[in-house]
Amino acid sequence: MSLGRLALLTVVAMIAFASNSLLCRVALRETDIDAASFTTVRLLSGALMLWMMLVIRGQQRNHSGSWPSALALFAYAALFSFAYIDLAAGTGALILFGSVQATMIGYGLYTGERFTGLKWLGLFLALAGLVGLVLPGLTAPPLAASLLMAAAGFAWGVYSLRGKGAGDPSLATAGNFIRSIPFALMLLALGWAAGMLNADLPGTLWAVASGALASALGYWIWYTALPHLSATNAATVQLSAPVIAAIAGVLLLDEVLSLRLLLASAAILGGIALVIQQRAR
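Following UniProt numbering, the numbering of the sequence shown begins with 1 at its first residue and continues without gaps.
None of these hints come from the bench; they were simulated from the model. All clues stand as given, with none of them false.
What follows is a list of derived Cβ distance ranges for each label pair:
#1 G117 to W192: 47 to 57 Å
#2 A266 to P227: 24 to 34 Å
#3 M186 to R114: 35 to 45 Å
#4 S2 to L121: 21 to 31 Å
#5 D200 to T111: 38 to 48 Å
#6 H228 to A189: 35 to 45 Å
#7 W67 to T116: 34 to 44 Å
#8 E113 to A194: 40 to 50 Å
#9 L201 to V12: 28 to 38 Å
All C-beta atoms, glycine included, are put in the ideal place defined by N, C-alpha and C.
Take the sequences, apply the hints, and build the full model.
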């Protein structure tokens with residue numbers, strides 16, 4: 001794959017991730033849909049979208065995806081939704097992407113990747129920028145919700161790492177989403193038994209958009225790029241997603257464009273550039 005195509009796919013995937021964060025925030029904060037229903041609708045709509053695309057392209061999904069990857073996908077989606085019930089957006093983003101990065105970089109170091117001095121500098125700069133972006137809004141987060149979001153980050157890191165050897169990205173992503181449906185239905189059944197289910201039309205529509213567009217298509221693109229990225233580069237580049245989400249909040253949600261946002265964005269994107277450009281020894 002050419003460097004230009006890889007860069008384009010990665011950018012589009014990060015935009016999808018950021019869009020997914022915005023859609024989840026709107027649905028869980030401003031509508032009546034509950035976390036279990038949102039997660040189920042998100043995964044169901046994502047599976048349907050990918051299945052339809054495979055049918056249109058005439059592809060068979062036999063032997064595609066895997067149950068461990070599907071479980072990791074479901075765990076990320078469910079834990080993410082439940083964590084955001086009690087976490088502030090900035091706190092949640094910091095915990096989620098910190099956990100993702102720790103998982104993927106830890107795996108990279110475990111399997112023999114080595115950092116140059118500039119690569120360590122880039123990683124530190126990116127992390128410092130992310131902390132600078134969310135720190136002013138941080139409060140003491142609830143321990144249970146923080147652990148849920150950290151677990152969601154771990155699950156997403158595992159899902160991303162497994163995507164590096166998953167074969168055809170379209171088949172793998174579709175297979176994983178379809179395999180996640182039984183887990184989502186079990187979660188919905190538990191929510192119904194506990195009397196916690198609640199949904200409205202706006203929340204359901206946001207969940208459909210999150211699943212069919214930002215999740216299904218975004219993960220498909222991400223799985224296409226992953227085999228050509230090292231674990232550390234894949235982990236670090238995902239730090240751009242909170243920046244993109246913050247900028248989108250300014251443009252779409254009328255949030256204030258501050259000097260802090262500009263400086264933090266420059267630090268994160270500059271750090272990512274250093275990590276990607278420096279080859280591991």
